[in-house]
Amino acid sequence: MLNLPILPILIALPLVGLAFVLLSPEGDDFAKESKKSAIWTSSSTFLLSLYLPINFDKSIPHFQFVNTFSWFNSDNLRFSLGVDGLSMPFVILSTFLILLCIIFIYPQNKKNMKMYLASFLLLESFLIGAFSAIDLFSFYVFFESILIPMYLLIGFWGGERRIYSAYKFFLYTFLGSVLMLVAIIFLYQEFGTISIPKLLDTTLPFYLQVWLWLAFFSSFAVKIPMWPFHTWLPDAHVEAPTEGSVILAGILLKLGGYGFIRFNLSLLPDASIFFTPFIYFLSVVAIIYTSFIALVQEDMKKLIAYSSVAHMGFVTLGIFSANIQGLHGAVIQMISHGLISAALFFCIGSIYNRFHTKQIAYFGGLNSKLPKLSILFLIFTLGSIGFPGTSGFVGEFLTLLAAYSKNTIVAFISAFGVILAASYMLILYKKVFLGITNENLKTKVNDLSIFELIVYVKLTFLILLIGIKPDIILDFTTSSLDRITKFYPISIF
Amino acid sequence: MFLLSIFLPLSSFLFCITLNKRLKDEYICISSSFILIFSSICAFLSFLNLETNQDQAIVLSNWINSGSFSVDWSVQYNLLSSSMVLMVNFVSTLIHIYSVGYMVKDDRKVIFMGYLGLFTFFMLFLVSSSNLLQLFLGWEGVGLTSYLLIGFWYKKNQANVAAIKAFVVNRVGDFGLILALFATFIVFGTLNINEILLLLESQNTTRVEFLGFQFHSITLIVVLIFIGCMGKSAQFGLHVWLPDAMEGPTPVSALIHAATMVTAGVFLLIILSPLIEESSQISRSIILIIGTITCIFASSVAIFQNDIKRIIAYSTCSQLGYMFMAIGVSAYSVAYFHLLSHAFFKALLFLGAGSIIHSMSDEQNIKKMGGLYNKIPLTYITMLIGSFSLMGLPFLSGYYSKDLIIEFIYLGQSNIKIYAYIISIVSVLFTTIYSVRLLIYVFHRENRSDEKVFAHIHESPLIMILPLTILSIFAIFFGMLMNSYFAGESLFKVWGEFMFINNDINDEYTIGNVPILVKKSPLFAIIFGIFICFLIYFTFKEYSQALKKRLMILVNFFENKLYIDEIYNFIFVKTSFYLGKGFWKSIDTDLIDNLGPNGISRLVGSFGKVVSRFQSGYLYHYVLSVVVGLTLFLSIYIYIL
Chain Y
0 MLNLPILPIL
10 IALPLVGLAF
20 VLLSPEGDDF
30 AKESKKSAIW
40 TSSSTFLLSL
50 YLPINFDKSI
60 PHFQFVNTFS
70 WFNSDNLRFS
80 LGVDGLSMPF
90 VILSTFLILL
100 CIIFIYPQNK
110 KNMKMYLASF
120 LLLESFLIGA
130 FSAIDLFSFY
140 VFFESILIPM
150 YLLIGFWGGE
160 RRIYSAYKFF
170 LYTFLGSVLM
180 LVAIIFLYQE
190 FGTISIPKLL
200 DTTLPFYLQV
210 WLWLAFFSSF
220 AVKIPMWPFH
230 TWLPDAHVEA
240 PTEGSVILAG
250 ILLKLGGYGF
260 IRFNLSLLPD
270 ASIFFTPFIY
280 FLSVVAIIYT
290 SFIALVQEDM
300 KKLIAYSSVA
310 HMGFVTLGIF
320 SANIQGLHGA
330 VIQMISHGLI
340 SAALFFCIGS
350 IYNRFHTKQI
360 AYFGGLNSKL
370 PKLSILFLIF
380 TLGSIGFPGT
390 SGFVGEFLTL
400 LAAYSKNTIV
410 AFISAFGVIL
420 AASYMLILYK
430 KVFLGITNEN
440 LKTKVNDLSI
450 FELIVYVKLT
460 FLILLIGIKP
470 DIILDFTTSS
480 LDRITKFYPI
490 SIF
Chain W
0 MFLLSIFLPL
10 SSFLFCITLN
20 KRLKDEYICI
30 SSSFILIFSS
40 ICAFLSFLNL
50 ETNQDQAIVL
60 SNWINSGSFS
70 VDWSVQYNLL
80 SSSMVLMVNF
90 VSTLIHIYSV
100 GYMVKDDRKV
110 IFMGYLGLFT
120 FFMLFLVSSS
130 NLLQLFLGWE
140 GVGLTSYLLI
150 GFWYKKNQAN
160 VAAIKAFVVN
170 RVGDFGLILA
180 LFATFIVFGT
190 LNINEILLLL
200 ESQNTTRVEF
210 LGFQFHSITL
220 IVVLIFIGCM
230 GKSAQFGLHV
240 WLPDAMEGPT
250 PVSALIHAAT
260 MVTAGVFLLI
270 ILSPLIEESS
280 QISRSIILII
290 GTITCIFASS
300 VAIFQNDIKR
310 IIAYSTCSQL
320 GYMFMAIGVS
330 AYSVAYFHLL
340 SHAFFKALLF
350 LGAGSIIHSM
360 SDEQNIKKMG
370 GLYNKIPLTY
380 ITMLIGSFSL
390 MGLPFLSGYY
400 SKDLIIEFIY
410 LGQSNIKIYA
420 YIISIVSVLF
430 TTIYSVRLLI
440 YVFHRENRSD
450 EKVFAHIHES
460 PLIMILPLTI
470 LSIFAIFFGM
480 LMNSYFAGES
490 LFKVWGEFMF
500 INNDINDEYT
510 IGNVPILVKK
520 SPLFAIIFGI
530 FICFLIYFTF
540 KEYSQALKKR
550 LMILVNFFEN
560 KLYIDEIYNF
570 IFVKTSFYLG
580 KGFWKSIDTD
590 LIDNLGPNGI
600 SRLVGSFGKV
610 VSRFQSGYLY
620 HYVLSVVVGL
630 TLFLSIYIYI
640 L
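Protein sequence lines correspond, in order, to chains Y and W. The first sequence begins at 0 in numbering that gives the first Met the number 0 and counts up by one. The second sequence begins at 0 in numbering that gives the first Met the number 0 and counts up by one.
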């Protein structure tokens, strides 16, 4: 086996590509050269990232592919990278979705295309960094750096109220993160190390765990987002450009769930048990409350954004049930939501590029205009409502099963979310695609381009594959997640 | 072979979808019918090859593996699953053939055939599944295809609304079923049906917590599963989607909403019959009560409907009620018998109705028909056979299966059986009335349609009549030939391995402990019903009109299906939208945003304004603050020292 320093390469590669994108010759209208370099970069990053699952040893629960570099000339503050079964799927998801975004951008024309592409490559580098960092400090740095390209994507290429949304997004997430920084500094003071593997072996007194837990929680609860910290999400989605929404819903939200498992659950188990009822309460409220809101939305993107909050409610439910089904379910639900919500946002992007509006009332009978898209949208809708055989079902089922084994009332109420999800998604589908073709849609539009089809077919394939054979992901995660549940104290609920 | 008979319909779906628009539509439709014929042959052969008491699980691959939770993709090959697979395949094949003729003018007929194939696959997957989770996939799958097929004519708003209603109401049932799956896993540690049944003995006293209360574990599971069955089998309370589902093309109604999908709930309870027997009496009583209510409610509402398909839909509802009543008194084999014979005569009725609608240029209101008996004689005969079989006239299929149910209710051990028995007889009377009413309105009274429509009335093509004929044969002879396998001496030998057999009741039946009056009471009800119909529609026409005016309130009440749709709309739909608006506008926007991000930025702004007043530029202001500050610091310093 080649012993490549694979993770540093994965982080550096998009940055190299970014230089190529920016240095490509000026002058041509469609920024063709920079698009080409972006495609090359992201596809080679994706292919290289497949090196991880191929050479991954499933039986080892610890971090693999570890690389450390010294930083600040100090032995304690080292910059270290590595992945375990929990983070590896998210690294692949990031490289995969960024590649799809670049493919989707390819036939389009936007102002300042070079910078747009550059932002995505920058994001890719930071995302891989955040998921593969195994010391607190570099995790924090990557976690925060992601805000910069994302802020630009919303604030510069967004819709009408982009400035307000970008500020809201930044304020919310940044306020949460500051508290996390305090917690990180405290941990360093206490133990003299920032390496996560070393910290995992330590135990903290309960009262300290509670405070640290709240500090981490404030950051991840905003990110994932949990009710009532979710109000930045609908605004950010509505204003963000299509590809921005895809990354936001597809990967950024998952940082919250990933953080919950990595820090709150693994480092602070006693406090996690203490706060489980609190988390359950917020999750159940999120699932029911946002589903009701999604029923009455007038903007397609806002509807999907609210449904994302509900889906993330299942994730937190699964995580804090803290048994293997719950964690498996949470990981599958995150990956699956990453694919399905990405697919739905791409679909809305395809519609928006043709009709320049996302208002539901504007549409009706779209399937006579875009028959292929209507079939694809239906498949993604089914994924979103957790139809068995799609990836969404596996996630929802396992998380609910885990919740049921801890608390039947929580599972009972959350399961209502499944009925509501069917209602709002099918009503959306009916209003947009079915019925008599709306007067507004008389203009001639092109059917799906080959680039769009590539994106959709890949996503459909993966959604069905994970639904039918979830083991392709679960197998990688089992030993790492087992380790977490093994050290988790028996809960009292 | 058995696997082939399950997966061939899926291949038909893929075939139709991928080749749509690439080949001529007719070719695709016909070849998809041939795939189904082939699939039926496979099902038939695998049914014949079955050895006595063979029960084999064919594992395809594993599905979900998470800690102690493990579920496989596997199908169960035994008498119960294979007979059901045969029936579904057979009816589905006939309906495929019929659809080739019925949908000939529709330009999306290939898609239609594809959906039919997909539906058949999900249904077969459901009935042959060896664990509950895979069954749940089929369960949701038939719900999905039902949604697609009800909304097939997507330009009709009503069809789309009905499709969503069907899916969402079914989801309410699925909600119960999925909770049942969780409870089953918690109690038994597995979702494999055979393993559950093996573990029954050891778990029959455990109690589990649910919503803060302690319940007998198996009773809880059975009640939750029954909620799922109520949704799928359109039992009272969750029946609202079935009549509306008639917006779909008629072959769909025949296949999904009569012969196969709606019986899934009954079938599930039959597979799990030992589980139901281990549960307490309460759960069986619930099933019996709900079945009885559905039976009488649906048959009484059916009398007042004017849409031919809705009448048959309510009739389906009430026949399903009979099946649940049979399950409520532990007569599972009889329920299964009625399920099979009902599939034949109800599919026949729907396809016959389709043929009528086809010949009447898509008219569905029976008040606008009449006098068709000599115009479409073949359809008339098949409708006659179907209706008589439904009513239970002697020696037709319905007679054997329905009378068996009524007799078993009479023999049953339930303490409310006497009410159930009386209601089941009354229901027979109502069934007769609505069937005869339908026949009279459609075939015998003077014609009331437009002249144009009337001139255009024609018999359906051969490709539609052929399935009708085959189904007629089954509607006549199936009961006669098969009734000895479902009750009586050989019952235990045939079904003993696959479902629970209540030997006490069966023995009493075998000895012939049913009073002759009980045995003949359904027949009296039928004769009485026909008599009433003749009185109302022929002898005392004027009086009956006057009577109808007198009882307008009552008639309206039934014509509007007891206003259940309106009540649901008010309680659930309106409230949901109201809540959604409320949460969004008042909590999200007003409360959270105003206190949260906007509030903070406003706070920072106003704080800045207050602080900026100190920067007045006057020297004495600054001196004052320096003095105040110094004093403050000094006093703190001194205080601490």
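In short, the hints are calculated from the structure, not lab data. Please note: incorrect hints may appear among the correct ones.
Listed next, the in silico DSS-like pairs over lysine-lysine satisfying Cα-Cα at most 25 angstroms (straight line) [stated by the list, open to error]:
id, chain 1, residue 1, chain 2, residue 2
1, W, Lys155, W, Lys573
2, Y, Lys441, W, Lys154
3, Y, Lys443, W, Lys155
4, Y, Lys371, W, Lys580
5, W, Lys518, Y, Lys430
6, W, Lys580, Y, Lys301
7, Y, Lys429, W, Lys608
8, Y, Lys301, Y, Lys468
9, Y, Lys301, W, Lys573
10, Y, Lys371, W, Lys155
11, W, Lys519, Y, Lys430
Going down the list of hints, with the structure as the test:
| no. | hint | result |
| --- | --- | --- |
| 1 | W/Lys155 - W/Lys573 | holds, 23 angstroms |
| 2 | Y/Lys441 - W/Lys154 | holds, 16 angstroms |
| 3 | Y/Lys443 - W/Lys155 | holds, 23 angstroms |
| 4 | Y/Lys371 - W/Lys580 | violated, 33 angstroms |
| 5 | W/Lys518 - Y/Lys430 | violated, 54 angstroms |
| 6 | W/Lys580 - Y/Lys301 | holds, 14 angstroms |
| 7 | Y/Lys429 - W/Lys608 | violated, 51 angstroms |
| 8 | Y/Lys301 - Y/Lys468 | violated, 31 angstroms |
| 9 | Y/Lys301 - W/Lys573 | holds, 21 angstroms |
| 10 | Y/Lys371 - W/Lys155 | holds, 20 angstroms |
| 11 | W/Lys519 - Y/Lys430 | violated, 55 angstroms |
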